[in-house]
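Residue numbers (our numbering), protein chains in the order written: chain A, 1 to 566; chain B, 1 to 249.
Calculated directly from the structure, the hints in this document are not laboratory data. We put the CB at the ideal spot given by N, CA and C, even for glycine. Check each hint, because a few of them may be wrong.
Unchecked claim - Okay, derived cross-link-like pairs now, DSBU-like style, lysine-lysine, Cα gap no bigger than 35 angstroms in a straight line:
id	chain 1	residue 1	chain 2	residue 2
1	A	Lys-425	B	Lys-17
2	B	Lys-218	A	Lys-428
3	A	Lys-299	B	Lys-218
Said to hold, decoys possible - Taking beta-carbon pairs under 7 angstroms as the criterion, some of the chain B residues facing chain A (in silico):
id	residue
4	Tyr-14
5	Pro-34
6	Gly-35
7	Leu-36
8	Ala-54
9	Ser-61
10	Val-106
11	Pro-121
12	Ser-137
13	Glu-138
14	Arg-141
15	Leu-152
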Amino acid sequence: MLQHDIIIVGGGLAGLRAAVGLCEQYSVGLFTKVHPIRSHSIAAQGGVNAALGNNPEGGDDTWQKHAFDTIKGSDYLADQRAVEIMCQDALEVVYELEHWGCPFSRSDEGAICQRPFGGAGFPRTCYSADLTGHVLLNTLYERAVSKGVAIYEEWHVLALAASLERCHGIIALDFQNGDIVPVQAAATLFATGGYGRVFQHSTNALINTGSGIGMAYQASVPLKDMEFVQFHPTGLIGTNILISEAARGEGGWLTNSQGERFMQRYAPKAMELAPRDIVSRCIRQEMDEGRGLEHPLGKYINLDLRHLGEERIQKRLPGIRSLCKDFIGVDPVKDPIPIMPCQHYSMGGIDANDLCETRLPGFYAAGECACVSVHGANRLGGNSLLDTLVFGKRAVRSIAEYLQVNTIKPEATLLEELARQWERKLAKLAAGKERPFRVQTRLGETMSDNVGIFREKQALKQAVEDIVSLKEEYGRVGLTSASRHMNYELLNALELEYMLEVAQAIALGAYQREESRGAHYRRDFPKRNDPDWLKHTLVSKGKDGNPLLSFSKVEITNYQPMERTY
Amino acid sequence: MISADTYTFKILRYDRKRNGEAPRFFSYCVEALPGLTVLSALLKIRDELDGTLAFRSSCRSAVCGSCAMVMNGKIELACRTQVASLGGDRIVLEPLPNFEIIKDLVVDMAPFWKMYERVKPWLIRKSPEPDKELPQSEAERERIDQFVNCILCAACYGSCPVLARDPEYLGPAALAKLARFTLDSRDERPASFLETVNNEKGVWGCDTVFRCIDACPKDVRPTDGIVALRKDLVKYKFKKLLGMAKDEA
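The shape of chain B in the complex, shown without the other chains (with noise of 0.2 angstroms):
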């Protein structure tokens, strides 16, 4: 559905290099052809009408994480939303929110893959290897399902209230992909690593109002990921106080 012959964009333009120069919005008209997504806009903008202008981009298929921003006060990735179904020929495009700003749609992650990892975000083993693969069942791997299709992209991140009082905050991506290993049948990480987030600055900070759900590109549910966890915190602290857990030491 196309609603207007040309669509205004109202991209707001930083450059960090450039000492005190505040953030401003500039104007760019782009014309509306059918099928014309948010990122085949900024790419049409950058090649033709301001080469200077920077955005992050690369599957143009909603896979690599690469385009999170903020459209009309949404956060989306560009690649994957259609200009038409932002309703209206005037677009707003921010950076992500919490973080901060490399030059225009250009955010700094740093902080983010710092949280990343910070859970150790990988399968810890303790068995060895069998000669073949791990046996899991088809039922143990849908457990992890919904957190493997993360892709990174910090769109939860950007919209967390908690990060934008607290950066000290893990954040929803950082849990949710703990969450992957701790629910994963073969990981074998002791209990006690749980210790690592029960703090407000871990599963204890969520507000548990759903905005990463509601951000997230891929249908992740990061809040389920820090129940699990709490849930899992909980029952090792009743285990660890019966004297029932096994890596107490």
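Looking at chain A on its own, in the form it has when it is part of the complex (with noise of 0.2 angstroms):
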């Protein structure tokens, strides 16, 4: 059995940044299925949110602005003091990483540039070109190195081990020995990204399953409002790959088969810089009502980046450029480059408090995986990697906190019984006969088809019985091989026993919201609806084992919900 103070499950943003506060005082074991630096945030690209005021246009900014501008992203379903607390800090964060080496791109004073964004009054996105993921993900990995952080790589965690009043550590495999590890600490933290490959079309990387919310929900912890779903205005046709809203805060237009910049008709003032959850509406109306262009790769619109001329896309958009050219052999200097939504980034997770705690004590969740909530309906462009970098740290600060009043131990015997149980349990998974991709296929092609862009009772209802015949069909999932070390098979067949469990949160809260908030739009229920539905939605795993549906209130300080027009 391994032992630490505090347990990190996650090696991106929200993960390095506690094990960075945490290490000094602690022993910390930091549990990653990847290297680090491979983690999903590496391929952010646009940037990150705060109030700086560099900008010649954005010098009248405030973080109280930045805080109005989220909330008002967020269709009033986030709750306000926690995005207070965010905006505030965000100042504080953005500086601390560029001091740890982050290479910013700079203006002509010599300070961090910001472009505009999506939903944001101001331009206050921090960007270094766009590669913003990449440049911040290698500065904390690189602070993390600095400080000896103890890294588990390509370890990968099979459950959280919790009895009804605390969590134990948890269970992990050892990938590339194939052993069966517990791991004891008064203090975990799940730091473990979204779950985009739930979905068929998604921008998120392979590794985007979902797993850790899934395994906080089998351990009895709720998530939280699961139904909303961002769906990105712009990936790349056929392979879904992201194009960032930097296209369009740099001043790319949104243009159909008629040559029209649509977004006129829809948000006048905003144009393309209105809010993802309504851009890619329009988007998929614009292709619904027929003005989408026809590709051998499937249908899309044109994102034309022609007019910015090519020594600004060279400089300001040099990733964007490259994988046009090496994916689908298009340079956006000469030609638009053709897009469509796809599933983004997951607003609900792991329900968390603003100081990162769950209901389970010693159990924390901070990033993708968790909602505290800050998104409510609909993310910002440029506040996913400003909810790492704030709720990373916080976690320091609470954790500390707890493990100074706690004086409980974890329980050996409880984590000692339950590696049993998974050696017996993946013993058992080894003997099934169906094969684990033609699941996951399935439940990728039902979310997509009926829990997307645009959703209705019928279709909604559809998802929640397909997955729970795919649920039964995991059951008689197999696999081609026994042996545990660097089984890659073996790990989807794990991964997709919790995908199952986060897609069935997802489509439940979308069957049982009737109304439209943010990126959940009902076709059926097309206004937002506040007297009967301005509330959080808690889903939790009942005595039976089937999901519990509970609802829980917003809170509300200092901006009333008014009507989102852009």
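Take each chain as given, in its own frame, and dock them per the hints.
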């Protein structure tokens, strides 16, 4: 059995930020299924929001205005105190990363560059060309290396070890050796990222299966607002590779088959820089009404950057240009980029408060896997990197305070018994006949077809039923080989079990919520309904193993819900 | 451009846990679909043909650095390589050279990360931090731009002829990372730090045959970094000789 004071699961921005803050005072073990530098934070492009006021057009910006934009963007579902904390702390965490070496793009005055982003009243998105996630993750990993954080690389977590009263640690699979290892700790932080792979079309990496969220659910920790799924307006056709909002922030246009900048009809003021939920719906509607274009890889809309000119494209969006050239042979300097909306981000997640605490003592969550909620029904671009940095850091204080008062030791016997259960479970899993990828493909199809940008009762019912039958089929899943080291098929099968739980929570939440708010759009209930639905959805595992829905209050401080126009 | 109805992938397979079994090639046929990348072919093989095949992958968009390998003798990222671009219907896949194989296309990257850590790859500061950002001009930032772009995929490490004969050589990625910091206007590491690479295991080990530059999927030129470090070292030595080096002690 391994022992640490603190277990951190996930080596992306939130996990590393927490680790560098805790490792000097405590024994920290950071468990990650891929090398930290391979984490999906690396793929973030556009930037991180903070009201620094560096851009001449954003001189009057304040954290309060950032908070207002975030709350309006969330369609008033975000908890307002948490948003205020995030926007206030934003300045400090961005400067901190700069001091640690993050190479932000620079203005003529030598200050951090800021660009306009969707749903924001000021240019407040700090960036490094279109590789902001890449530079932030490298900086935090460098910091972690300098402090000697103990990293368990390519260790896959199997389960959270919880009793009714508290969290005792995790059960992990050392993937290179194939050993099942119980790990004991007084505090465990999940920073395990999102679940994009639950959908057929997603910008997310292959590792983003939402396992951490599923593990929390299995351990009876409630999930919050799972029906709120962000569909990014601009995924590269066919590949679903993310084309950053920075492309529109820098002045890119969206045009339909008639060459029309159609956003004029939907959001005349904000145009292409309306929030993502709105832009994605507009694109989908244009395509549904026959104004899309045809490509061998599917229908699409144009993202036109040509008027920006080669110099600006090469300087501000070099990553986008290479992606387009490498993956579909289009140079955005010469031709428009064919895009379509696809799944991008999980607003919902493990129910946590603004101290990253969950309802299970000793268990914490931060970053995309958590739902604090600072994004509510729709996240603004540039707020996800901010979320990871602010709440990764807040977890440091919160866990340190807990360890100072906590005197109870985690139970070794509970961990050992759970590890034995997993030994038996893995042996049994190897024997089934159904291939895991078939179940996963069908899950992705039903989620993308029925729980997408536009939703309605019948389709959602279909998804809920499909998931129940896929869960049954999961019982028949088997593996080509029973060996456990470097067995990626085994990894897929383990992830799939949790993906089914996550998908069920999303579909049930969406079925239940009979209104339209932010990214959750019901054709049969097209209006926001504050009297009945200004509340968070909670899904927890009932005693019979089936999901139970309940609701909780939205915290409102200074911003009363208003109609959301752009 | 599709050159055939199906592609035959010959993949070198090995399992270090099975002592004594030599690496050997296995063949798999995959249907030629438009836009098929080497990574999507590998995923198809693992899903549908052989669940035991091991390879690393994650972002599928050439940013995470998981999937560097050898394709028909050339090192590239599997995710951004179109199968059709490889020419011909037989594709040979091998793991990155200069590493020990763990299983199939998965190599043990530990030596790569050991070299990375050896150059102290983080911003070293002595001055107190200001309340806001450390000032840096865009021109100063641009000096480190290409090295910042490194995704640590180890394509350069796998292609380096020096590493092939001397595993103790720091290698192109680690040296380029060191240059990323020594060239950063904000870094305050003592000039004497360069002494740690002033040898045949460091900057003087490079053959300057530019294999790393050819192999890099991100257009980083590690040799530029190595040459910059050599120049800095010569400058530092000269100053030291004249008693002008700031941190001689």
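Holds or violated: the hint that Pro-121/B contacts chain A, with Cβ atoms closer than 7 angstroms. 5 angstroms, holds
Agreement of hint Arg-141/B with chain A interface, Cβ distance less than 7 angstroms: Holds: closest Cβ of chain A sits about 5 angstroms from Arg-141/B, inside 7 angstroms.
Is the straight-line distance between the alpha-carbon of Lys-218/B and that of Lys-428/A 35 angstroms or less? 44 angstroms, violated
Does Val-106/B hold up as a contact with chain A if the rule is Cβ-Cβ below 7 angstroms? 6 angstroms, holds
Satisfaction of the Pro-34/B interface hint, Cβ to chain A closer than 7 angstroms: 6 angstroms, holds
Restraint outcome when Tyr-14/B is required to lie within 7 angstroms of chain A by C-beta distance: 11 angstroms, violated
Does Ser-137/B pass the interface check with chain A, least Cβ-Cβ distance below 7 angstroms? Where the cut-off is 7 angstroms and the nearest Cβ of chain A is about 5 angstroms from Ser-137/B, the hint holds.
Restraint check, 7 angstroms cut-off on beta carbons, for Ala-54/B near chain A: 5 angstroms, holds
Is the straight-line distance between the alpha-carbon of Lys-425/A and that of Lys-17/B 35 angstroms or less? Answer holds: Lys-425/A to Lys-17/B is near 23 angstroms, not above 35 angstroms.
Regarding the pair Lys-299/A and Lys-218/B, is the alpha-carbon distance no greater than 35 angstroms? Roughly 30 angstroms between the alpha carbons, so the hint for Lys-299/A and Lys-218/B holds.
Using the nearest Cβ pair, does Leu-152/B come within less than 7 angstroms of chain A? OK, holds: Leu-152/B within 7 angstroms of chain A, min 5 angstroms.
Hey, does the Leu-36/B contact hint survive, CB to chain A under 7 angstroms? Violated, because the Cβ-Cβ distance from Leu-36/B to chain A comes to roughly 11 angstroms (cut-off 7 angstroms).
The earlier numbered hints that this structure contradicts are 2, 4 and 7.
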